[in-house]
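Visitor: The residues making up each chain are set out below.
There are 2 protein chains.
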Amino acid sequence: MLPGRSPPTRRKSNQVDQMSDEINKSNTVKARLPRGLADRGPAELAATHRMMNAIRESYELHGFEAVETPFIEYTETLGKFLPDLDRPNEGVFSFQDDDEQWLSLRYDLTAPLARYVAEHFDKLPKPYRSYRSGFVFRNEKPGPGRFRQFMQFDADTVGSASVAADAEICMMASHTIEKLGVKRGEYVIKVNNRKVLDGVLEAAGLSGEGRAAQKLIVLRAIDKLDRLGTDGVRLLLGPGRKDESGDFTKGADLSSAAIDRILDFTAARASDNRITIDNLAKAVGSSMQGQEGVAELAEMVRLFEASGYGDGRIVIDPSVVRGLEYYTGPVYEAELTFEVKDEHGRPVRFGSVGGGGRYDGLVARFRGEPVPATGFSIGVSRLLSALRLINSPIVTGEAMKGPVVVLVMDQSEIARYQTFVAQLRNAGIRAELYLGSAGMNAQLKYADKRGSVCAIIQGSNERDKGEIIIKDLIAGAQVAAAAKDMDRNEYLALKARAQFAVAETGLLASVNEVLARYESW
Amino acid sequence: MLPGRSPPTRRKSNQVDQMSDEINKSNTVKARLPRGLADRGPAELAATHRMMNAIRESYELHGFEAVETPFIEYTETLGKFLPDLDRPNEGVFSFQDDDEQWLSLRYDLTAPLARYVAEHFDKLPKPYRSYRSGFVFRNEKPGPGRFRQFMQFDADTVGSASVAADAEICMMASHTIEKLGVKRGEYVIKVNNRKVLDGVLEAAGLSGEGRAAQKLIVLRAIDKLDRLGTDGVRLLLGPGRKDESGDFTKGADLSSAAIDRILDFTAARASDNRITIDNLAKAVGSSMQGQEGVAELAEMVRLFEASGYGDGRIVIDPSVVRGLEYYTGPVYEAELTFEVKDEHGRPVRFGSVGGGGRYDGLVARFRGEPVPATGFSIGVSRLLSALRLINSPIVTGEAMKGPVVVLVMDQSEIARYQTFVAQLRNAGIRAELYLGSAGMNAQLKYADKRGSVCAIIQGSNERDKGEIIIKDLIAGAQVAAAAKDMDRNEYLALKARAQFAVAETGLLASVNEVLARYESW
Numbered sequence: 106m107l108p109g110r111s112p113p114t115r116r117k118s119n120q121v122d123q124m125s126d127e128i129n130k131s132n133t134v135k136a137r138l139p140r141g142l143a144d145r146g147p148a149e150l151a152a153t154h155r156m157m158n159a160i161r162e163s164y165e166l167h168g169f170e171a172v173e174t175p176f177i178e179y180t181e182t183l184g185k186f187l188p189d190l191d192r193p194n195e196g197v198f199s200f201q202d203d204d205e206q207w208l209s210l211r212y213d214l215t216a217p218l219a220r221y222v223a224e225h226f227d228k229l230p231k232p233y234r235s236y237r238s239g240f241v242f243r244n245e246k247p248g249p250g251r252f253r254q255f256m257q258f259d260a261d262t263v264g265s266a267s268v269a270a271d272a273e274i275c276m277m278a279s280h281t282i283e284k285l286g287v288k289r290g291e292y293v294i295k296v297n298n299r300k301v302l303d304g305v306l307e308a309a310g311l312s313g314e315g316r317a318a319q320k321l322i323v324l325r326a327i328d329k330l331d332r333l334g335t336d337g338v339r340l341l342l343g344p345g346r347k348d349e350s351g352d353f354t355k356g357a358d359l360s361s362a363a364i365d366r367i368l369d370f371t372a373a374r375a376s377d378n379r380i381t382i383d384n385l386a387k388a389v390g391s392s393m394q395g396q397e398g399v400a401e402l403a404e405m406v407r408l409f410e411a412s413g414y415g416d417g418r419i420v421i422d423p424s425v426v427r428g429l430e431y432y433t434g435p436v437y438e439a440e441l442t443f444e445v446k447d448e449h450g451r452p453v454r455f456g457s458v459g460g461g462g463r464y465d466g467l468v469a470r471f472r473g474e475p476v477p478a479t480g481f482s483i484g485v486s487r488l489l490s491a492l493r494l495i496n497s498p499i500v501t502g503e504a505m506k507g508p509v510v511v512l513v514m515d516q517s518e519i520a521r522y523q524t525f526v527a528q529l530r531n532a533g534i535r536a537e538l539y540l541g542s543a544g545m546n547a548q549l550k551y552a553d554k555r556g557s558v559c560a561i562i563q564g565s566n567e568r569d570k571g572e573i574i575i576k577d578l579i580a581g582a583q584v585a586a587a588a589k590d591m592d593r594n595e596y597l598a599l600k601a602r603a604q605f606a607v608a609e610t611g612l613l614a615s616v617n618e619v620l621a622r623y624e625s626w
Numbered sequence: 106m107l108p109g110r111s112p113p114t115r116r117k118s119n120q121v122d123q124m125s126d127e128i129n130k131s132n133t134v135k136a137r138l139p140r141g142l143a144d145r146g147p148a149e150l151a152a153t154h155r156m157m158n159a160i161r162e163s164y165e166l167h168g169f170e171a172v173e174t175p176f177i178e179y180t181e182t183l184g185k186f187l188p189d190l191d192r193p194n195e196g197v198f199s200f201q202d203d204d205e206q207w208l209s210l211r212y213d214l215t216a217p218l219a220r221y222v223a224e225h226f227d228k229l230p231k232p233y234r235s236y237r238s239g240f241v242f243r244n245e246k247p248g249p250g251r252f253r254q255f256m257q258f259d260a261d262t263v264g265s266a267s268v269a270a271d272a273e274i275c276m277m278a279s280h281t282i283e284k285l286g287v288k289r290g291e292y293v294i295k296v297n298n299r300k301v302l303d304g305v306l307e308a309a310g311l312s313g314e315g316r317a318a319q320k321l322i323v324l325r326a327i328d329k330l331d332r333l334g335t336d337g338v339r340l341l342l343g344p345g346r347k348d349e350s351g352d353f354t355k356g357a358d359l360s361s362a363a364i365d366r367i368l369d370f371t372a373a374r375a376s377d378n379r380i381t382i383d384n385l386a387k388a389v390g391s392s393m394q395g396q397e398g399v400a401e402l403a404e405m406v407r408l409f410e411a412s413g414y415g416d417g418r419i420v421i422d423p424s425v426v427r428g429l430e431y432y433t434g435p436v437y438e439a440e441l442t443f444e445v446k447d448e449h450g451r452p453v454r455f456g457s458v459g460g461g462g463r464y465d466g467l468v469a470r471f472r473g474e475p476v477p478a479t480g481f482s483i484g485v486s487r488l489l490s491a492l493r494l495i496n497s498p499i500v501t502g503e504a505m506k507g508p509v510v511v512l513v514m515d516q517s518e519i520a521r522y523q524t525f526v527a528q529l530r531n532a533g534i535r536a537e538l539y540l541g542s543a544g545m546n547a548q549l550k551y552a553d554k555r556g557s558v559c560a561i562i563q564g565s566n567e568r569d570k571g572e573i574i575i576k577d578l579i580a581g582a583q584v585a586a587a588a589k590d591m592d593r594n595e596y597l598a599l600k601a602r603a604q605f606a607v608a609e610t611g612l613l614a615s616v617n618e619v620l621a622r623y624e625s626w
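Taken in order, these protein sequences are the chains called A and B. Going from the first sequence to our numbering is simple: count from 1 and add 105. Going from the second sequence to our numbering is simple: count from 1 and add 105.
There could be a bad hint or two in this list.
The list treats identical chains as interchangeable, and a pair is accepted whether it falls inside one copy or across any two copies.
What the hints assert, rightly or not - Simulated crosslink set (BS3-like; lysine-lysine; CA at most 27 angstroms straight-line):
| id | residue 1 | residue 2 |
| --- | --- | --- |
| 1 | Lys550 | Lys231 |
| 2 | Lys506 | Lys284 |
| 3 | Lys355 | Lys231 |
| 4 | Lys228 | Lys506 |
| 5 | Lys600 | Lys570 |
| 6 | Lys589 | Lys284 |
| 7 | Lys135 | Lys231 |
| 8 | Lys554 | Lys228 |
| 9 | Lys355 | Lys320 |
| 10 | Lys387 | Lys320 |
| 11 | Lys228 | Lys135 |
Derived from the structure by calculation, the hints contain no laboratory data.
Next up, chain A with everything else stripped away, as it sits in the complex (with noise of 0.2 angstroms):
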């Protein structure tokens, strides 16, 4: 034996005394899960693995290569989310070390991403360009579609202050979004820029530290527009609005000029990117970091019709500020543009599956100077959800068939059925004993459980004969479903192709040729 672990054991020795004499009646424990938590079958977790796989040919085509950190980190490294003693798990799982150190479950990806730059920030290709997937943790609420345990797929340019960086992330997201199934017109990139908001701001005279309450009423006014509109958002810029309950809610007390640059610049996107950009140049006025901010959208149209990126599917609008208070400089949001109902049975957008930006801050926790850094994450679940809803050949992509299933007709032939059962797998074709001890029926019921296309039976007549019978359980399935309404030579063509005998060395040929019948075996 090795050094280091022991063989893996299916269970910790300690436990085996004290699980022996729990299996009483009396005394079962309920089988159930934490709320916010899911299991997953064999269809959900095929189309999710068909998915990634798609998203990380993407994310290679572009240059990314893979990287993965554990999901425990130190609570620290994550942020500061030290636990006080009373409530230890606000919105993070955490737990104390036996150093009484405090460890926590990643609650994103990007957090332990820079960790591992920080950590490894010597050895690192400059420009590092990582993409990494995985479940994230969130001690949270749990509700409809609300998990405590989701998968996230991000890809990050650490160390590359270019605004190409940006733009090339934006149209991985196209290119990415397209090879998953969504169709050009389905979906859209939206990206907007923290500079440029900050320049309407200051040309708006709300500029300088002192500020930042206003400003973040402004953004959550902002963010507001689709569902109050216009009027609705120029009252919480102003004075403040009630609401139709009579809550009333405080208003950024703007002047109604700043009100009007405000509104100017929401309402800036046009149905071009270059038009955009010029109306983005008059909302901004004479702020310098406002320039600074059109310049790099300029800068980014300009790539994404280099790359032939300029036909729509990525759109500068103003009105995206999610996330606007974190990011440095740009930021983006890919948006699935179908129609769905929501819970009132409305029609409304499908809306995000993903977003990012630039943050320069990502790794100067760590290293006391800012490195310039931009990302981009894809909700799984979500996108796999929408990817349910258009039908993707992604998702749709027929279930794999089941197994075929050699039926045990007589317990004491079991070694001459297992025969079988190894011809068809050295010939590579899924195959199975059936191992329970059921009569005939509940085995083919077993086996259309499975999903199965393709039964073997071997009676003791058979087997006097040197005979197995094939049947094709499709086929079957349809004799029983359609045999009133077909004609005699039509249904006795049928039951032949549904269930046929053969000698025993015929079993591959003719199980070959029943699951030819059929795709995605």
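Model the placement of chain B on the given structure of chain A, informed by the hints.
Guide: Then chain B, alone, in the frame of chain A:
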């Protein structure tokens, strides 16, 4: 926007304010991982990916279907681990939910499967044949090669009492290990049976519940056969043994007839499974339980032979006692037999990479009645390190080459360079624009660090002529290394291969020409 989860943000918004003021040199966080956790880079991830795919294919060939459970379960689901308040994390990572219930990270894939089967019992096909893989967590002292997060790959058949289920898993283990590149003769699947041992103990006068402690001493003594030899174990089965340091280990105090019977049992392994079975039949004497166990092993041997596994790959070996106190019937262990050096430089067998057995109490904790079950677990990381030692194609398969790198010789021409990148990507060639700000030599070093085969360069001279320079980085390295030892014609030929100018329109053809020179692009 659909109801439910809000679109993925890269970071929780409540952290933003906390983080923005953290960035200054005096207040940095150390970038480090907690003990016993590890990051994984692209080469290891690619090898793991190939390995997991091979295992998955083998398991599906054998008729097992995928299932996945979450990482977090109720602590009571996992076993009687209810944390006491002084040491809440003994063995497992545990934390309290906001409703005070204890949650834990799974420490294996078996306990969650039991919960899953019990929860969905009525809708599952029975027997239920499933596989699952993923990380498990142990809150233990880490050591070399011993991690607190590691990966397992399990397969289980639940609801079958037939030893054909056990035999199948042994054969599947053999098939899988060979698919991973381990040659016949470099591994063995060892099989034993709890009932045989119990029968031998019964025949030795050690039956009855009051003898549990004594039985455990016997099991532990047998487990030391390798290290202590027959004489040492004889002492441990009898009065006890003093080791070299003078420490005394209490013995099982068996009669010398009983000791002989047990040592006959441990020596029962013969070169042929059928002879071993005969030896075991003698060792269990008239014990009913022992005879039942021997009959089960005999039936398994018959099935191995019927399936073409009768050639010594699977061996009945009574010295396997690992887990026997836990399992209720057949147990099996996959052992790699090639030699490696232990920590003292002595040659030892690599040892176990997986194991399992029949445990009919698996689902009973939840359902109150025994449900027959048998399963197998592979230690993925340990197996991967074994595959490295034998240079399996799974791990040696040449690492994917890096993307084609388009150099940036003039920042104002980025859009032009981007068109080159877009052309390559549209042709399915992994490619990227250099996104940093360094000069040409550093850019070429970057491409080397990425493992790239090919770089594209266009300075102002080339641009004026409508040309690009294609650099073959591998040939370039050969030129640099071998220039002195070459005659002038050879040198010039190699140099012409390593770097040449073509018209811009020849980009794709020339890159394809360079890539075709090398494998595993």
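Visitor: Each of the hints needs a verdict: does it hold here or not?
Guide: Hints, verified against the model:
| no. | hint | verdict |
| --- | --- | --- |
| 1 | Lys550 to Lys231 | between (59 angstroms within a copy, 10 angstroms between copies) |
| 2 | Lys506 to Lys284 | both (25 angstroms within a copy, 23 angstroms between copies) |
| 3 | Lys355 to Lys231 | neither (46 angstroms within a copy, 62 angstroms between copies) |
| 4 | Lys228 to Lys506 | between (47 angstroms within a copy, 18 angstroms between copies) |
| 5 | Lys600 to Lys570 | within (22 angstroms within a copy, 74 angstroms between copies) |
| 6 | Lys589 to Lys284 | neither (46 angstroms within a copy, 49 angstroms between copies) |
| 7 | Lys135 to Lys231 | between (52 angstroms within a copy, 21 angstroms between copies) |
| 8 | Lys554 to Lys228 | between (53 angstroms within a copy, 9 angstroms between copies) |
| 9 | Lys355 to Lys320 | within (13 angstroms within a copy, 76 angstroms between copies) |
| 10 | Lys387 to Lys320 | within (20 angstroms within a copy, 87 angstroms between copies) |
| 11 | Lys228 to Lys135 | between (50 angstroms within a copy, 17 angstroms between copies) |
Checked against the numbered hints above, the structure violates hints 3 and 6; every other hint is satisfied.
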